[in-house]
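Chains as they are written, first to last, in our numbering: chain S, 1 to 355; chain R, 1 to 444.
Be aware that a few hints might be false.
[Claimed, not checked] Quick list of in silico lysine to any residue cross-link-like pairs, SDA-like style, CA-CA up to 25 Å: (1) R:209 / S:174; (2) R:370 / R:401; (3) R:100 / S:296; (4) R:259 / R:306; (5) S:150 / R:211.
Derived from the structure by calculation, the hints contain no laboratory data. Remember, predicted model here, so these are calculated numbers, not experimental data.
Residue-level listing of the chains:
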Amino acid sequence: MLYREAGQFKTSYQADMQIFPIRQDRIGMAVLLLLAFVAIPLLASDYWFQAILIPALIFSLAAIGLNILTGYAGQLSLGAAGFMAVGAFATYNFMLRIDGIPFLVAMVLGGICAALVGILFGLPSLRIKGFYLAVATLAAQFFILWVLVKFPWFSNYSSSGVITAQQVTILGWSVDTPVEKYLLTLAVVALLALAAKNLARTHTGRAWMAVRDMDVAAEVIGIPLMKTKLQAFAISSFYCGVAGALYAYTYLGTVEPEAFNLDLSFKILFMIIIGGVGTVLGSFFGAIFITLLPIFLNQIFHALFGNALPPALASNVELMIFGALIIFFLIVEPHGLARLWQIGKEKLRLWPFPH
Amino acid sequence: MRADSKWKPTAVVAAAVAGLVGGLGQAVAADQYQYLGLPSYRVGAYAAGGSGVFGGWIDYMQLINERDGGVNGVKLVWEECETEYNNARGVECYERFKAKGNTFFSALSTGITYSVLERVAQDKIPLVSIGYGRSDAADGRVFPWVFPLVTHYWSQASAMINFIGQKLGGMDKLQGKKIALLYHDSAYGKEPHEVLDRLAKKWGFTVEKIAVAHPGNEQQSQWLQIRQSRPDFVILWGWGVMNPTALSTAKRTGYPIDKIIGVWWAGAEEDVVPVGDAAKGYIAAGFNAAGEDFPVIQEIKKHVYAKGKGNLDPKRVGSVYYNRGVVHGIIYVEAVRLAQEHFKKKGQPVTGEELRWALEHIKFDPARLKALGAEGFLPEMQTSCMDHEGAGVVKFQQWDGKKWQMITDWIVPDRVLVRQLVEESAAKYAAEKGITPRDCSKES
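Could you put together the complete structure from these sequences and hints?
Below you can see the structure in the form of structure tokens.
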């Protein structure tokens with residue numbers, strides 16, 4: 001009933017092309033943003049910021065990054081965590097070696113470094129495809145971590161190879177408390193998510209999708225393959241790099257290269273598969289699902305059983321339920337949670353009088 | 001004067017009331033609790049270590065509750081949170097415990113330790129890493145809230161060289177010797193490089209560093225390299241599946257097993273049992289003893305397992321990881337006790353700040369260790385504002401095919417050199433973060 005678009009007419013091209021063509025969606029988005037930027041900072045506790053919201057946002061950003069490459073441009077990649085590591089370590093080095101550099105500039109430069117590395121490892125994509133490309137990006141994952149551990153310069157000769165985030169100050173605003181870190185993360189993620197959404201709707205995004213769907217056909221209709229693929233690698237790695245910088249600066253503070261291991265790459269890949277390949281919304285859904293569901297299960301188990309269950313059994317049962325839920329959602333909707341959401345919305349448009 | 005005498009009875013009544021309240025307070029104290037959040041891991045690749053250590057720790061706390069009725073009457077309560085050895089999950093557990101008033105955090109994971117390192121000072125929760133974590137945190141001036149207790153990686157590396165020297169019959173015999181370091185290619189495996197380089201320069205031996213990529217279940221080429229270069233000793237700085245693989249590959253390539261010396265994360269039953277007979281004679285470091293022949297372990301069996309309240313399969317009691325967990329428990333309980341006594345809060349729970357003070361004043365002398373039933377179980381130690389490590393000594397044990405046998409007493413590292421490295425590294429951290437080190441002479 002509420003979700004009706006009757007009476008909403010598009011009278012200009014601009015109205016036709018906007019991201020949210022239905023008024024209710026626009027209102028919903030505005031309410032969501034208002035909630036995220038105003039209500040949550042007023043209401044949530046430190047636990048929510050530091051354990052739930054900040055990591056969920058950062059992983060969402062990394063998932064958007066991988067989704068650009070794998071979901072939109074169709075290049076399977078297992079190197080997302082490696083590019084996050086580049087972003088984190090590059091940002092750290094810019095902050096360390098250039099006196100007085102603003103954090104946001106360092107972060108963007110870190111992202112650009114990740115993009116350059118991404119281009120380098122994207123080169124094989126011109127010759128190989130599919131699973132073979134996944135293996136080539138796997139090389140990126142291992143090579144990057146190896147370099148970061150091998151050459152102590154990257155961690156400023158720290159004996160254990162870890163980097164420690166410096167104080168973040170933006171135009172005199174020092175980001176110290178969890179709320180401030182949350183707001184900074186949220187602002188960066190919101191901005192980049194909007195950019196990604198728009199990018200996907202432009203010429204660039206359509207070129208990616210053409211390459212994804214059939215690269216020979218795309219080439220025939222005049223899409224330069226090399227440029228398009230490398231562009232996807234660069235932009236994807238940029239997103240991952242910024243996510244890595246946020247991971248180090250607003251989430252953990254002290255990061256070892258090992259934190260960006262293959263497990264994390266797989267996790268980000270699972271996020272986009274569960275959330276929905278080739279959607280920005282799905283990246284958020286997937287990140288929330290993969291990072292928060294295990295925590296939620298753990299909390300539920302503690303609330304339900306307390307110490308009654310042997311802890312080893314409880315931990316294993318949680319894992320099993322988590323795995324079962326992944327399989328359940330993949331069977332119910334192989335296109336991911338974002339597709340479920342879309343189906344729900346379409347049903348809602350007709351409700352209560354489906355014809 | 002009149003006023004005084006007039007007040008006297010009142011004072012007596014007040015004293016009586018105070019006594020009564022005090023008495024009541026003590027009666028109430030029986031229901032006081034000291035809460036502890038345990039970020040354990042019982043699933044995943046490292047579950048063997050996680051369940052052993054956290055199981056031993058819990059059993060020790062259970063012992064204190066069952067036998068002594070808690071610490072000065074304060075019952076120990078704990079809650080577990082599964083981390084899966086994953087940093088993000090560990091941070092979530094940390095925050096969850098913090099919201100419940102946690103006062104002590106020890107994750108048995110270097111990654112999680114680093115992940116919360118920046119938070120503990122603000123949250124006033126002491127961060128304890130026993131036998132892992134950040135070595136330079138031993139400089140308590142720069143890291144007031146971080147405690148790499150008992151001994152850390154750099155002390156271990158140095159103690160290993162001293163042990164080799166002892167084996168050869170004198171440190172001067174190290175001259176011209178060749179020692180290979182077979183290490184897990186990660187930040188963990190890089191820990192000993194600098195210490196070993198400096199020691200090599202000092203004693204005139206050479207170090208050949210050979211990396212093994214994670215997870216390390218294929219080491220043919222590394223051991224071929226070892227066979228070619230014929231080092232006098234191999235230091236095995238491994239973790240997980242890398243350890244048994246190294247031992248079986250050594251056997252296949254014909255390298256003498258008793259010339260391989262493992263670190264304390266390569267010296268548990270789980271590392272040698274899969275190898276079978278090939279592991280016989282292998283030597284590994286340890287900062288806690290294995291076995292059941294200690295009063296403290298016997299007490300746990302008597303008061304905890306006999307009552308069916310044990311946390312693990314009784315067969316694991318006395319294993320290396322289990323006993324390491326008991327060491328965690330002993331240190332935690334001792335800190336709670338010290339904090340209660342120093343801050344005159346006997347019978348009351350203590351805060352993180354009070355525990356931090358206590359961790360800086362832990363003293364295990366022979367008498368205290370004997371009272372705890374842990375003579376020879378863990379080293380004598382004494383912490384201070386300057387020194388957050390406390391002991392730094394290492395024992396070496398040899399696998400006889402059935403169990404670990406202690407073959408040395410506590411071996412002392414090159415304290416001057418290690419301390420110098422700690423201070424250099426801590427000073428660099430302080431400079432990077434803009435920390436002004438504490439003045440330890442002003443601390444009580």
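Hints, verified against the model:
1. R:209 / S:174: 43 Å, violated
2. R:370 / R:401: Answer violated: residue 370 of chain R to residue 401 of chain R is near 30 Å, above 25 Å.
3. R:100 / S:296: Distance ~17 Å between residue 100 of chain R and residue 296 of chain S Cα, so the pair holds.
4. R:259 / R:306: Violated, because 41 Å separates the two Cα atoms, which is more than 25 Å.
5. S:150 / R:211: 10 Å, holds
In this structure, the hints that do not hold are numbers 1, 2 and 4, in rising order.
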